[in-house]
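Participant: These are the residues of each chain, in order.
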Amino acid sequence: MRLEVEDLAFSYRDDRVLEGITFGVDGREFVGVLGPNGCGKTTLIKCVNHVLSPEGSVRFGGHDVASMSTADRAKHFAYVPQALSMGMATTVFESVLMGRRPHVRWGVGESDLAMVSAALQRLKISHLAFRKMTQISGGERQKAVIARALVQEPSLLLLDEPTSALDVRHQLEVMSLIREITLERDIGALMAIHDLNLAARFCDVIIVLHHGRVVAAGPPASLLTPALIEQVYGVTAIVGREGVLPFILPVEPVGGALR
Amino acid sequence: MEEESRKITGQYRHMQGRRLLFVTVLAVSILLLAIVSTLIGSAGLTAGEVISAVLAGIAPGFFSSDLLSYTIIWDLRLHRVLFAIVAGFGLAVAGAVMQGVLRNPLASPFTLGIASAATFGAALAIILIPTALSGEIALVASAFLASALAAATIYGLSRYRGVSAESMVLAGIILMYLFGAISSFLQYIGTTEQLQAVVFWMFGSLQNTSWEKLALVTLVVAVTTPFLIMRAWDLNVLGMGDQVAQSLGVKVERTRTLHMMVASLITASVICFTGTIGFIGLVSPHITRLAIGGDHRYLIVASGMVGALILLGADGLARTILAPQIIPVGIMTAFIGIPFFLYLFMRRREEYW
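Line order of the protein sequences matches chains A and B.
For the first sequence, this note's numbering begins at 3 and goes up steadily by one.
For the second sequence, this note's numbering begins at -19 and goes up steadily by one.
A few of these clues could be false.
[Said to hold, decoys possible] Keeping only pairs whose Cα atoms sit at most 20 Å apart, straight-line, the calculated DMTMM-like set for lysine to aspartate or glutamate is:
#1 Lys231/B x Asp74/A
#2 Lys126/A x Glu(-17)/B
#3 Lys231/B x Glu31/A
#4 Lys77/A x Asp222/B
#5 Lys77/A x Glu31/A
For the record, the hints were derived by calculation from the structure and aren't laboratory data.
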């Protein structure tokens, strides 16, 4: 199902955070949202599933997301937040099981439990199933939250910097997992991400935000140029290529470092 | 992969089994303790007298009993024992719900001002309405209305600031101090006799229970508890944070408000009759979480049963330790609850909250 965002805007009180945002995410498409701190990436992710209520139109599979019920939205969108609330000390298994909440009434069946076990194994954290969420590392917790999003069986994954707590190996694992999932299940993924190289390597399309507006959008190979990086991040960078994929080496802030 | 799955789901099933076992053991313990509680008392009835009195009340055609034992059992002891169960259950359920919905281990009817509001209501009735000392309807109504007012104020204040868990906790704490100060002022201006009545009320006691009061409280608990259990997933999910809960289909503000109101209603309907029986609402959910974890599908009922057990045990001890003197049960709950809680708290070092 296709997500269509048209002329979306959002303000925190008088502070206009997003303005005139238009883009789409197809099934099987992996879209990265890039931009410096405070450019509105997180806000945009939350506007899509109406955790925040934006102006403009957000449609999913042809339906207006604003007029969907909270329960219906939960069946369509899984959301992986940036700041992970530790929550109460539930076990990893039970925490992941909560992803089934939109689909179960009260009791959980064999299939729900099997789904949770499968997700834990897929993220390679099944050995932690009965540890408490508070007793595992930040990266493991991040993976548990992604597992929860998988068992939610969404039609679109919304991820807010899911790799920032992870080391290089786990970053690659998680990114390729999300890539695989989009193709396996025919679903889209929209991810806010800081790491230009990961975005360039895994995303089909990237959207670059700057001061709450889209300044560039398209396939990473053609989009990520030194000029764009300098404009958006204020950084001079070398953009090299490995085959068709660009890699980015930031060199120094324009105008010198902090003194 | 298949085998690993079976192992993990098996382990989960095993955990569920332990939870059911815990609930069963609690149910049996409550029943046994209720029987013991009915048998003991300052009147010194024998077990035989108690049993025939109970049976004579249930099936008057088939059993008979002497008038004294019959009166002691049916007019004094039995409704008190049952009231202890229902009141302990209700207070603990209210505490579990408040802690869950506010994600705060310190939340309870007593730390959120509901109980101090009731004290204020009771003190107001005792000091302003002379008949309150003898006739108690005014006192009960005043205590109930004051706690309802407190709940409404918490809601109003947090509505103004945005219904976040933090603002509700803060609003509750503000109210606790406010009503505490007013009650102190009322005691300050009251006569010695009135002061004594207020202080006695604050100790909490099951002295004045009756079948009518039991029926009322039971009705409230019986209507609200199934609702809370049915919505247990919402509380589980709220523990993960508001935005995650919302993305999992929970209407966060509505759920939080509704649950707080229900928990306050239970609290108010219990303590307007008993006075402030503290501690149970705070500690029973913690004891339960230590034992069976935080899944509210089990936690709510099991907390209630732990609460019932504590209050029943406390009242039994309160009636016997200094018999024929009866210690106010509010004092007793802390005396028996705290060592038990400390034991669990020290023994289980892993984080449970």
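Participant: Indicate, hint by hint, whether the structure satisfies it.
Facilitator: Each hint, compared with the structure:
Between the alpha carbons of Lys231/B and Asp74/A the distance comes to roughly 12 Å, so the proposed pair stays at or under 20 Å and holds. The suggested pairing of Lys126/A with Glu(-17)/B holds, with an alpha-carbon distance near 15 Å, which does not exceed 20 Å. Of the pairs offered as hints, the one joining Lys231/B and Glu31/A is violated, with about 30 Å between alpha carbons and a cut-off of 20 Å exceeded. A distance of roughly 17 Å separates the Cα atoms of Lys77/A and Asp222/B; the hinted pair therefore holds under the 20 Å criterion.
Restraint check for Lys77/A and Glu31/A: satisfied, since their Cα atoms lie roughly 19 Å apart, inside the 20 Å limit.
Checked against the numbered hints given earlier, this structure breaks only hint 3.
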